[in-house]
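If you want the building blocks of each chain, they are given just below.
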Amino acid sequence: MPDSFKKKLKLKVSAINNGTVIDHIPSENLFKVISILGLQKVKSQITFGFNFESEKMGSKAIIKVSDVFFEDDEINKISLIARNAKLNIIRDYEVVEKRVVEVPDKVIGIVKCFNPKCITNNEEITTYFNVISKKPLDLKCKYCEKITHEHQMVIK
Amino acid sequence: MKKKDLISITDYSKEDYLRILELAADFEKNPNQRLLEGKVVASLFFEPSTRTRLSFETAINRLGGRIIGFSDAGSSSVSKGETLHDTIRMVSNYVDLIVMRHHLEGSARYAAEVADVPVINAGDGANQHPTQTLLDMYSILKTQGTLDNINIFMIGDLKYGRTVHSLLMALSEFEKPIFNFIAPEELAMPEEYKLFLKEKGIRFFEHTEINDNINHADIIYMTRVQKERFMDPIEYEKVKNVYILKNNMLKDTKSNMRILHPLPRINEIHPDVDKNEKAYYFTQAKNGVYTRQAIISHILNLK
Ligand SMILES: [Zn+2]
Numbered sequence: 001m002p003d004s005f006k007k008k009l010k011l012k013v014s015a016i017n018n019g020t021v022i023d024h025i026p027s028e029n030l031f032k033v034i035s036i037l038g039l040q041k042v043k044s045q046i047t048f049g050f051n052f053e054s055e056k057m058g059s060k061a062i063i064k065v066s067d068v069f070f071e072d073d074e075i076n077k078i079s080l081i082a083r084n085a086k087l088n089i090i091r092d093y094e095v096v097e098k099r100v101v102e103v104p105d106k107v108i109g110i111v112k113c114f115n116p117k118c119i120t121n122n123e124e125i126t127t128y129f130n131v132i133s134k135k136p137l138d139l140k141c142k143y144c145e146k147i148t149h150e151h152q153m154v155i156k
Numbered sequence: 001m002k003k004k005d006l007i008s009i010t011d012y013s014k015e016d017y018l019r020i021l022e023l024a025a026d027f028e029k030n031p032n033q034r035l036l037e038g039k040v041v042a043s044l045f046f047e048p049s050t051r052t053r054l055s056f057e058t059a060i061n062r063l064g065g066r067i068i069g070f071s072d073a074g075s076s077s078v079s080k081g082e083t084l085h086d087t088i089r090m091v092s093n094y095v096d097l098i099v100m101r102h103h104l105e106g107s108a109r110y111a112a113e114v115a116d117v118p119v120i121n122a123g124d125g126a127n128q129h130p131t132q133t134l135l136d137m138y139s140i141l142k143t144q145g146t147l148d149n150i151n152i153f154m155i156g157d158l159k160y161g162r163t164v165h166s167l168l169m170a171l172s173e174f175e176k177p178i179f180n181f182i183a184p185e186e187l188a189m190p191e192e193y194k195l196f197l198k199e200k201g202i203r204f205f206e207h208t209e210i211n212d213n214i215n216h217a218d219i220i221y222m223t224r225v226q227k228e229r230f231m232d233p234i235e236y237e238k239v240k241n242v243y244i245l246k247n248n249m250l251k252d253t254k255s256n257m258r259i260l261h262p263l264p265r266i267n268e269i270h271p272d273v274d275k276n277e278k279a280y281y282f283t284q285a286k287n288g289v290y291t292r293q294a295i296i297s298h299i300l301n302l303k
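Heads up: the sequence lines are chains D and H, in that order. Just so it is clear: in the first sequence, position 21 is 21 by our numbering, and no numbers are missing. Just so it is clear: in the second sequence, position 289 is 289 by our numbering, and no numbers are missing.
Hints were generated in silico from the structure; no laboratory data involved. Think of the CB as a built atom: it goes at the ideal place given N, C-alpha and C, for glycine as much as any other residue. Take the hints with a grain of salt, since some may be wrong.
Derived pair list, reagent style EDC-like, types lysine to aspartate or glutamate, alpha-carbon separation capped at 16 Å [as the list claims (entries may be wrong)]:
1) H/Lys80 to D/Glu123
2) D/Lys117 to H/Glu47
3) H/Lys159 to H/Glu192
Every beta carbon over 12 Å from chain H, so not counted as near; a handful from chain D, in silico [to be verified]:
4) Ala15
5) Gly19
6) Glu53
7) Lys56
8) Ile81
9) Arg91
10) Arg99
11) Met153
12) Lys156
All chains should be built: construct the whole structure from the sequences, respecting the hints.
The following block contains the structure:
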């Protein structure tokens, strides 16, 4: 990468001292990721950018959150909508750890059950799925016991 | 102690099944046992089902319990828009046990989470109806003397028929069952159940018509082929008369063979079968009362 380009990128998304950088988020899902992680309630500084060009995914988004370090179960929630998201853990301006997101064994909330006759689509109930396959993603509803396949997935 | 809700047949282990079947035999010998004296049971039929409701309410009465509830949602606060959550929270304060039927799938599992008292699922839409499965098992045990090595023919709608799916799961817990499926292509046993049997190394065969293949059967389990399941009415017309069991088909069947049906039937069992000693479906329904007495006693630790 030429230095001039690196500089430009830095200008676009300012560097953080301590915290977490979440990269490779599909641009269209940026706001869903913000909402799933509850970032709107975070008091520290957050910068995000989207519609960055990405060779792999066309258009990507980046979030930089100062002074916040996520637990695995917390960050894995975004795996459903940001399958290839990568985390850089920053301490003192240095990347001290890189992580990828993983599909969890249980998905609570986030996804709608595809079955219109399911109680969760007819009353105010948090959905709950057991992940029975991670690739392709198959979610079995705890309530109606039907399987929501990846191509039927709708994010709440 | 964790409450013993019965929502799905797979919530229970083989030990639970055997315990309930043993209790059912005891209630058949001696149906009036006032074990529920002083207790109140809610019978909440958000969706009407006279057959299932009467069976449960008879079971509760024979145990000496009292019943509150409603037989269809139209006559309850539900018609005023009360949520399932609120109805269950309220009723759960009044009673020792809830029996419920609801047209939405997963409603019973949800109710069990909301309620402080045990919940018995008496049918949640096309999902589960576990007490039917237990009474089917009791009927098989009673007529065959065992639940091991049963050769069962399941005939009719094997795609949407929840009773055959649950019975398949339950029988798979016992020694070497053999499953035979007879259904039109549109209503064939779903792949997930065939895969389940393959993984457990259980034998099964698929057929498209009823012929002398049924001469191997210990149990013939008939289900309704319902018109509304077909996208194309012509397809229904083609198959509706293929899966009718008639008396003359039964002459070379095994002497221990018995015919089960969850009822009500439409035309899939010809009335001329009713006189045959192999017709067991009306006794099967009667077994439902003993089985439900047993389930209630098991759940509330009454015996
Ligand atoms: Zn569901």
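Right, here's what the structure says about each hint:
1. Only pairs whose Cα atoms come within 16 Å are accepted, and H/Lys80 paired with D/Glu123 is accepted, the gap being roughly 15 Å.
2. Of the supplied pair hints, the one linking D/Lys117 and H/Glu47 holds, its CA atoms being roughly 14 Å apart against a limit of 16 Å.
3. The hinted pair formed by H/Lys159 and H/Glu192 meets the criterion: a straight-line CA distance of about 11 Å does not exceed 16 Å.
4. Residue-level check passed: D/Ala15 sits 47 Å from the nearest beta carbon of chain H, beyond 12 Å.
5. For D/Gly19, the shortest C-beta to C-beta distance to chain H comes to about 38 Å, beyond the 12 Å cut-off, and the non-interface label holds.
6. Non-interface status of D/Glu53 relative to chain H is upheld: no Cβ of that chain comes within 12 Å, the nearest being about 43 Å off.
7. For D/Lys56, the condition that its CB be more than 12 Å from all CB atoms of chain H holds, with the nearest at approximately 35 Å.
8. Here D/Ile81 stays apart from chain H, with its beta-carbon at least about 24 Å from theirs, past the 12 Å limit.
9. D/Arg91, annotated as away from the interface, keeps every beta carbon of chain H farther than 12 Å; the closest lies near 42 Å.
10. Every CB of chain H lies more than 12 Å from the CB of D/Arg99, the least distance being 34 Å, so the non-interface label holds.
11. Interface exclusion of D/Met153 from chain H stands, the closest Cβ pair being 18 Å apart, more than 12 Å.
12. The non-interface label for D/Lys156 is consistent with chain H: the shortest C-beta to C-beta separation is roughly 16 Å, beyond 12 Å.
The earlier numbered hints are all upheld by this structure, with none contradicted.
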